[in-house]
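Since the structure of chain A is provided, determine the placement of chain B on it from the hints.
Number of protein chains: 2
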Amino acid sequence: AGDVEAGKSKSAKCVSCHGVNGKVSIPTYPNLAGQNEVYLDVSMHAYKKGERTGGLATVMSAYVNNLSDQDIADLAAYYASLGEKE
Amino acid sequence: AGDVEAGKSKSAKCVSCHGVNGKVSIPTYPNLAGQNEVYLDVSMHAYKKGERTGGLATVMSAYVNNLSDQDIADLAAYYASLGEKE
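Chains as they are written, first to last, in the working numbering: chain A, 11 to 96; chain B, 11 to 96.
Fair warning: there could be bad hints in the mix.
As the list claims (entries may be wrong) - For lysine-lysine, the following DSSO-like pairs were computed, each having C-alpha atoms within a straight-line distance of at most 30 angstroms:
(1) B:Lys20 to A:Lys33
(2) A:Lys33 to B:Lys59
(3) A:Lys33 to B:Lys18
(4) B:Lys23 to A:Lys33
(5) A:Lys23 to B:Lys59
(6) A:Lys33 to B:Lys33
(7) A:Lys59 to A:Lys23
(8) B:Lys33 to B:Lys20
(9) A:Lys59 to A:Lys20
(10) A:Lys59 to B:Lys23
(11) A:Lys18 to B:Lys23
(12) A:Lys59 to B:Lys59
(13) B:Lys58 to B:Lys23
(14) B:Lys18 to B:Lys33
(15) B:Lys33 to A:Lys59
(16) A:Lys58 to B:Lys18
(17) A:Lys58 to B:Lys58
(18) A:Lys20 to B:Lys33
(19) A:Lys23 to B:Lys33
Simulated from the structure, these hints should not be mistaken for lab results.
Next up, chain A with everything else stripped away, as it sits in the complex (with noise of 0.2 angstroms):
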């Protein structure tokens, strides 16, 4: 399972498009605070599968291709975590 403070020590380079704490201020960019931890986890391993294409998805594909199952999962649970806050 992903492990919260292990996902926010590894986001720092998702930051620049998703925002402090998951949610953005540019419109064509997903929110990602309180997505769901499954979901999250999933859509990931689709770009690093090149499941997705278009759009932004070669920008997200470079960024996951370098990511362990077990970073991702540490994403996910991160990303999922900051709803709870809301």
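Same frame as chain A, but now just chain B:
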């Protein structure tokens, strides 16, 4: 631009997976409430164009294939608007 009320009236088919008010109880599905309007629009078009595959993309494609650009814009406006009330 999308019309919130029109989107609401068109969202009946979305509810079974994405929940009433865009908040889901099934963790494999994404919450939509408060997601960015442009991102929602882009994502529905991505499913329609077949740019997303794997997982439940086949299901989403089936749902959006019959939607017009206006339908998609209305649904995006509706689900984005739900976040404003939180």
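Checked hints:
As the CA atoms of lysine 20 of chain B and lysine 33 of chain A are separated by approximately 27 angstroms, the hinted pair is consistent with the 30 angstroms bound. With a C-alpha separation of about 27 angstroms, the suggested pair lysine 33 of chain A and lysine 59 of chain B falls inside the 30 angstroms cut-off, and the hint holds. Distance check on the hinted pair: lysine 33 of chain A and lysine 18 of chain B sit about 24 angstroms apart at the alpha-carbon level, within 30 angstroms; holds. The hinted pair formed by lysine 23 of chain B and lysine 33 of chain A meets the criterion: a straight-line CA distance of about 27 angstroms does not exceed 30 angstroms.
Among the hinted pairs, lysine 23 of chain A with lysine 59 of chain B is consistent with the structure: their alpha-carbon atoms are about 29 angstroms apart, no more than 30 angstroms. Distance restraint check for lysine 33 of chain A and lysine 33 of chain B: the Cα-Cα separation of roughly 17 angstroms lies within the 30 angstroms cut-off, and the hinted pair is therefore satisfied. This hinted pair checks out: lysine 59 of chain A and lysine 23 of chain A have alpha carbons roughly 20 angstroms apart, not beyond 30 angstroms. Taking the CA atoms of lysine 33 of chain B and lysine 20 of chain B, the gap is about 17 angstroms. The hint holds against a cut of 30 angstroms.
Proximity of lysine 59 of chain A to lysine 20 of chain A is assessed by CA-CA distance (about 20 angstroms); at most 30 angstroms being required, the pair is judged to hold. For the proposed pair lysine 59 of chain A and lysine 23 of chain B, the alpha carbon gap of about 29 angstroms is at most 30 angstroms, so the pair holds. Pair hint lysine 18 of chain A plus lysine 23 of chain B does not hold up; C-alpha atoms about 36 angstroms apart against a cutoff of 30 angstroms. Using a Cα cut-off of 30 angstroms, the hinted pair lysine 59 of chain A and lysine 59 of chain B holds, with the two alpha carbons roughly 18 angstroms apart.
At roughly 16 angstroms between alpha-carbon atoms, lysine 58 of chain B and lysine 23 of chain B fall within 30 angstroms of each other, so this suggested pair holds. The straight-line distance between the Cα atoms of lysine 18 of chain B and lysine 33 of chain B is roughly 14 angstroms, inside the 30 angstroms bound, and the hint therefore holds. A C-alpha spacing of about 27 angstroms is found between lysine 33 of chain B and lysine 59 of chain A, which places the hinted pair at or below 30 angstroms, so the restraint holds. Among the hinted pairs, lysine 58 of chain A with lysine 18 of chain B is inconsistent with the structure: their alpha-carbon atoms are about 34 angstroms apart, more than 30 angstroms.
Among the hinted pairs, lysine 58 of chain A with lysine 58 of chain B is consistent with the structure: their alpha-carbon atoms are about 21 angstroms apart, no more than 30 angstroms. Simply put, lysine 20 of chain A and lysine 33 of chain B have alpha-carbon atoms about 27 angstroms apart, close enough for the 30 angstroms limit, and the pair holds. With a C-alpha separation of about 27 angstroms, the suggested pairing of lysine 23 of chain A with lysine 33 of chain B holds against the 30 angstroms cut-off.
Hints 11 and 16 from the list above are not met by this structure, while the remaining hints are.
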